[in-house]
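Assemble the whole structure, with the sequences as input and the hints as a guide.
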Amino acid sequence: MTENRDQKLLALLRRNARTSVTELAKTLHLSRTTVQNRITRLEQAGIIRGYSVILGQSYLEDQVEAHVSIKVHQKLTARTLTELERINQVAQLYAVSGEYDLIAIVQAGALEELNRVLDTIGNLQGVERTNSAVVLETRFKR
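Mapped onto full-length UniProt numbering, the consecutive letters of the sequence shown carry residue numbers 1 to 142.
It should be emphasised that the hints constitute simulated quantities derived from the structure, not laboratory data.
Quick caveat, the model's predicted, so the values are computed rather than measured.
Among these hints, one or two may not hold up.
[To be verified] Okay, derived cross-link-like pairs now, SDA-like style, lysine to any residue, Cα gap no bigger than 20 Å in a straight line:
| no. | residue 1 | residue 2 |
| --- | --- | --- |
| 1 | 141 | 26 |
| 2 | 71 | 126 |
| 3 | 75 | 130 |
| 4 | 71 | 51 |
| 5 | 75 | 53 |
| 6 | 8 | 26 |
So this is what it looks like as structure tokens:
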């Protein structure tokens, strides 16, 4: 399979990771065995590391989301990362360049819960300061 077909296969799996191998094969005009072997190779190569749940729009509309910029004391970065990973409401965490070291995507069921999570993050050992922006509306998401 060419790199272009790999990209098409990955795009289909990103859209719906539960698509059957038979359906993927039909869409890609390849045999089922070829597609299954390619998926296995992509998994073994670490290109596909797993499959995840994409939350439905009705659930997401009930969530409050904030992007939290976090400045971390460099000597405590590993410990801070471990603590952030334990906070269930931290859906994603990015290392970034610039004034802040990390950006956490935090999702909570209500503003009160979000406020508690933001306080928890701000009080973690190693966190020097935070800056939060509550998402008012998602214009699009790919």
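Exercise for the section: Mind checking the alpha carbons of residue 71 and residue 51 for me, to see if they're no more than 20 Å apart? Expected result: violated, 31 Å
Exercise for the section: Please work out if residue 8 and residue 26 have their alpha carbons no farther apart than 20 Å. Expected result: Status holds; Cα separation ~12 Å.
Exercise for the section: With a cut-off of 20 Å on the C-alpha distance, tell me whether residue 75 and residue 130 pass. Expected result: holds, 17 Å
Practice task
Take a quick look at whether residue 141 and residue 26 sit within 20 Å of each other, Cα to Cα.
Solution key: violated, 27 Å
Exercise for the section: Decide if the proposed pair is consistent with the structure: residue 71 and residue 126, CA atoms, cutoff 20 Å inclusive. Expected result: Since the Cα atoms of residue 71 and residue 126 sit roughly 9 Å apart, the hinted pair holds (cutoff 20 Å).
Practice task
For the pair supplied as a hint, residue 75 and residue 53, confirm whether the alpha-carbon distance does not exceed 20 Å.
Solution key: violated, 34 Å
Violation of the numbered hints given earlier is confined to hints 1, 4, 5; the remaining hints are satisfied by the structure.
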